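2 protein chains.
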Amino acid sequence: MSDIYPSSADDPDGSRLAWVEESSKTSGGFRVFSVRESVCRSPEGILKTFSVIDTRDWAMVVPVIETKRGKAFVMVRQWRHGARELSVEFPGGVLESGEQNVEGAARELREETGFVAGSVTKLGEMSPNPAIMSNRIHFYLAENLTQTGKRELDEDEFVEALTVPAAEVLQNMGRPPYIHALTAAALLFYLKHCP
Amino acid sequence: MSDIYPSSADDPDGSRLAWVEESSKTSGGFRVFSVRESVCRSPEGILKTFSVIDTRDWAMVVPVIETKRGKAFVMVRQWRHGARELSVEFPGGVLESGEQNVEGAARELREETGFVAGSVTKLGEMSPNPAIMSNRIHFYLAENLTQTGKRELDEDEFVEALTVPAAEVLQNMGRPPYIHALTAAALLFYLKHCP
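Keeping their order, the protein sequence lines are chains V and Y. Anchor point for the first sequence: position 18 equals 16 in our numbering, and the numbering is continuous, going up by one each time. Anchor point for the second sequence: position 80 equals 78 in our numbering, and the numbering is continuous, going up by one each time.
Hints listed in this document are in silico derivations from the structure and should not be mistaken for laboratory results. It should be emphasised that the depicted structure is a prediction, and the values quoted were computed from it without experimental measurement. One thing to keep in mind: the hints can contain errors.
Since the list gives no way to pick out one identical chain from another, each pair is judged satisfied if it fits inside one copy or across any two copies.
Stated by the list, open to error - Subject to a maximum C-alpha distance of 25 Å in a straight line, what follows is the list of computed SDA-like cross-link-like pairs (lysine to any residue):
1. Lys23 to Cys192
2. Lys148 to Pro10
3. Lys190 to Asn99
4. Lys46 to Glu83
5. Lys23 to Arg108
6. Lys66 to Gly43
7. Lys190 to Gly172
8. Lys148 to Glu19
9. Lys23 to Arg173
10. Lys148 to Val162
11. Lys120 to Thr24
12. Lys120 to Leu84
13. Lys46 to Glu109
14. Lys69 to Arg134
15. Lys190 to Arg149
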């Protein structure tokens, strides 16, 4: 890693770029998130207010099965109200209070697809959007899957489960219905783990 | 692609999952986004309200240079107020009104890093979060870069530009400061384009 601007031999990690939060208050509460106004002081002493979206952490699971034609993913298809279109994506959702992240990942997989995982491995975690969101997304690999045939969907969840060859998902990422950027991030972690 | 639930031989694309928006109104305006309450009717006729974050489309650029040790990316390091930590990520930002997406991508690259691109190629586009956001993110590859040495940052932008070997970025994705999930998605598109 080499810096272009500015020369920073005495601060290679950029810690001088850090802002300090001076105060913070919630300014809007919505269905699955709230918005907070965060007043921060810049490295040069300027005070500025930023809007931050607070919500629970999320889990996203890459469930892999072996088929006669190679590896395939178990995915879900649903209508997404932000994008106003159908999305085919990895199973996942909001982690619940008091639940371990890995348990939440296995729960979301089971509820949305009916698959129970014999092994769940952490692939990594990131900020879904570090500029405006405070939460994290945790990516997991689910293997040794058993199909129970039983799902648990909320009454307003219309979710289909399907299997798609892994190569087809990679090939079509970015074309509808593979529109979900966090599914693309999860796929990168999967490819790093299982090249 | 093969369905698990339900059997859907007569609707292979899942169009029966589509909701219809009945009405919609803005319920909160913030610094760089607003929140809209969207009242939608489910495939089974249930009315339900969803909160959607509206904001302008974004561009993210993967700028590649050749070095003696192989390919490297031009990246930016900055404090991110959502995650409250430093993030090293691909240059990018909010597309401006009246500007072509490709122009906006080149502009963000120039403003944040001082590099002018001889060629800018679309890598793909996605929804940053189709569940709760209505905007799109457009990914571009920037090549044949010329360093002008001149950047244009806002007074509250403290952004460093740096070059990082491509292999190092892939290796460290998910470890601080490589925390940005949309940068991981952009990297997947880059790897698909330049395997």
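Hints, verified against the model:
Taking the closest pair of Cα atoms, Lys23 and Cys192 never come within 25 Å of each other, the shortest separation being 43 Å inside a single copy and 45 Å across copies. In this assembly of identical chains, Lys148 and Pro10 lie within 25 Å of each other by CA distance solely across copies; the values are 22 Å between and 52 Å within a copy. Proximity of Lys190 to Asn99 under the C-alpha cut-off of 25 Å is restricted to the intra-copy arrangement: shortest distance 21 Å within a copy versus 30 Å between copies. When the C-alpha separation of Lys46 and Glu83 is checked against a cutoff of 25 Å, the pair qualifies only between copies, where the shortest distance is 16 Å, while the shortest distance within a copy is 36 Å.
Neither within a single protomer nor between protomers do Lys23 and Arg108 lie at most 25 Å apart by alpha-carbon distance, with minima of 37 Å and 35 Å respectively. For the homomeric pair Lys66 and Gly43, neither the shortest alpha-carbon distance inside one copy (62 Å) nor that between copies (40 Å) is at most 25 Å. For the identical chains of this complex, Lys190 and Gly172 are neighbours both inside a copy (19 Å) and across copies (11 Å), given an alpha-carbon limit of 25 Å. When the C-alpha separation of Lys148 and Glu19 is checked against a cutoff of 25 Å, the pair qualifies neither within a copy, at 47 Å, nor between copies, at 30 Å.
Taking the closest pair of Cα atoms, Lys23 and Arg173 never come within 25 Å of each other, the shortest separation being 39 Å inside a single copy and 29 Å across copies. For the identical chains of this complex, Lys148 and Val162 are intra-copy neighbours only, at 20 Å inside a copy versus 47 Å across copies, given an alpha-carbon limit of 25 Å. For the homomeric pair Lys120 and Thr24, neither the shortest alpha-carbon distance inside one copy (32 Å) nor that between copies (38 Å) is at most 25 Å. Taking identical chains as interchangeable, the C-alpha atoms of Lys120 and Leu84 lie at most 25 Å apart only when they sit on different chains, with a minimum of 23 Å there against 27 Å within one chain.
Taking the closest pair of Cα atoms, Lys46 and Glu109 come within 25 Å of each other only across two copies (21 Å); inside a single copy the shortest separation is 43 Å, beyond that limit. Within a single copy, Lys69 and Arg134 get their C-alpha atoms no closer than 28 Å, and across copies no closer than 30 Å, so neither meets the 25 Å cut-off. For the homomeric pair Lys190 and Arg149, neither the shortest alpha-carbon distance inside one copy (30 Å) nor that between copies (34 Å) is at most 25 Å.
Going down the numbered hints, you'll see the structure goes against 1, 5, 6, 8, 9, 11, 14, 15, while the others check out.
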